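Respectively, the protein sequence lines represent chains A and B.
Take the first sequence: its letter number 218 is residue 254 in our numbering, and every next letter is one higher.
Take the second sequence: its letter number 5 is residue 1000 in our numbering, and every next letter is one higher.
It cannot be assumed that every hint is accurate.
[Stated by the list, open to error] What follows is a list of derived Cβ distance ranges for each label pair: (1) B:Phe1083 to A:Lys108: 22 to 28 angstroms; (2) B:Phe1083 to A:Ile56: 29 to 35 angstroms; (3) B:Gly1038 to A:Pro81: 56 to 62 angstroms; (4) A:Leu100 to B:Pro1094: 42 to 48 angstroms; (5) B:Thr1084 to A:Ala174: 49 to 55 angstroms; (6) A:Ile156 to B:Thr1084: 58 to 64 angstroms; (7) B:Met996 to A:Glu95: 30 to 36 angstroms; (8) A:Ala174 to B:Phe1076: 22 to 28 angstroms.
[Said to hold, decoys possible] Under 8 angstroms between C-beta atoms, here's a sample of chain A residues computed to sit facing chain B: (9) Trp51; (10) Val270; (11) Val272.
Derived from the structure by calculation, the hints contain no laboratory data.
Note that this is a predicted model, so its numbers are computed, not measured.
Ideal Cβ placement from N, Cα and C applies to all residues, glycine included.
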Amino acid sequence: MFTRRPGLAARLAFWAVLSIILIVLDARLSALGWLRAGVVAVFYPVQIIVRAPFDFGAEVSGYLVRHRTLQKENAALRESRRQDSVNFARIGALQAENDELRHLISLRQTVGFPSIAAEILSTPRDPFSQRVILDKGANDGVEAGQPVVDGMGLVGQVTRVFAFSTEVTLITDRSQAVPAQIQRTGQRVLVFGGGGGMEVRYLPTHTDIQQGDVLVTSGIDRVYPAGLVVAKVVSVLRPADSTYARVSCLPIAGVEKSRMLMVLKTQSEPGKP
Amino acid sequence: MMALSLIIAFLLKQVPWHGWALTLRPDFMLIMLLFWAQRRVEGVGFGLAFVLGILTDVQDGVVLGQHALAYCVGVFLVHYFRRRLSMFTLPHQALQMFPLLLLTEVVALVAGWMSTRTPQGAWVLVSALTGALLWWALAYAGKMPAAQPEK
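So that you can see chain A by itself, here it is in the shape it has in the complex (with noise of 0.2 angstroms):
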């Protein structure tokens, strides 16, 4: 077709009008989901095969723990059995009597939801977005909108759906908020992400927070359910010239360190990310 090859300028700009077509097309119109899961759904398989080797060398490691250390481990976690049981008797008598309570007051019920067990897969570098992949996908339930807890709280939301994966926001993603309430005083505020921390936005500076409040989900947004822990309070600053508090706190819940999560299967219909 052309006599001469293009020079490299005119390459250049032809593949860089391409990308920026592309890119508006992704963000802008969110027209590109297909090519995403295809690209996701060739790959998977590799992404497995790579972790091989990990696990494996995990599970050798594991075979080598000392005897002692096991023998000392047996005797610690009998001894917390033993605490624990007594703790379960007297847990079970107080749930009966908030089950009956909650009856009285015919509230809805907001714990029990079934939830899936997931490993994370990947961690991607981006400056844009705090974001972890998990191991279960659309063949598991995983459904977009839904929260992800670990043991101790809220780590995040799932946004992107794929049929062996599943890619989630963490609440400390900068486009993340969550609407919580201080477990102190019942105040409800709303949780953005930012970065590594979070902070509590919109606070006028006269409420009653303070250095080692616990946040908790209200659910209000009927995203998360009620009553999962989200942050702790680090600092509180009321600047005169400002009508609003600077609360930052950090996640609760081992947001950077966990490597198993669960994804909860809220039963009333999510909130799309």
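Start from chain A and add chain B according to the hints.
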């Protein structure tokens, strides 16, 4: 040889990285791509850079086209400065690569910022530094016969 090295670069990114290693991780794919772009001008064009970029975008879960654009710019720069680069000794070449990689990372950063509008720290640019070091190591390996520039 080229396909194999690109596949290895892809696999290296798939390995689960954590914490500091994640911050310092160079973009293996980009380095490998530019390495071959310098050696095989005819073999590595914008099309390959584009496809690999899309792959990286999906892998990182970012806006499609962000890395495609950056990789194309990277290949352009290497083609443009090819003669100049090959005049230098390896340590100096790595020094030349640093601003080049930095510029490529900045393109990805700006493209990402334009599309999602979320502010971010500039610490991600650290990977340009580790990338330049990797280039040095790679260039040593590149003295193998299979990687010699075509006459």
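Hint check results:
1. Between B:Phe1083 and A:Lys108 the beta carbon distance is about 59 angstroms. The supplied range of 22 to 28 angstroms is therefore violated.
2. Between B:Phe1083 and A:Ile56, the C-beta spacing of about 33 angstroms keeps the proposed range 29 to 35 angstroms intact.
3. In this structure the hint that B:Gly1038 and A:Pro81 lie 56 to 62 angstroms apart at CB is violated, the actual value being about 27 angstroms.
4. Checking the proposed 42 to 48 angstroms range against A:Leu100 and B:Pro1094 shows it holds: the Cβ atoms sit about 47 angstroms from each other.
5. A hinted range of 49 to 55 angstroms holds for the C-beta pair B:Thr1084 and A:Ala174, which are about 53 angstroms apart.
6. Checking the proposed 58 to 64 angstroms range against A:Ile156 and B:Thr1084 shows it is violated: the Cβ atoms sit about 43 angstroms from each other.
7. Our hint of 30 to 36 angstroms for B:Met996 and A:Glu95 holds, since their Cβ atoms are close to 34 angstroms apart.
8. Checked against the hint of 22 to 28 angstroms, the pair A:Ala174 and B:Phe1076 fails, with Cβ atoms roughly 46 angstroms apart.
9. At about 4 angstroms, the closest approach between the beta carbon of A:Trp51 and any beta carbon in chain B falls short of 8 angstroms, and the interface hint on this residue holds.
10. The beta carbon of A:Val270 is not positioned within 8 angstroms of any beta carbon in chain B (closest approach about 19 angstroms), and the interface hint is therefore violated.
11. Restraint check, A:Val272 versus chain B: the minimum CB separation of about 23 angstroms is more than 8 angstroms; hint violated.
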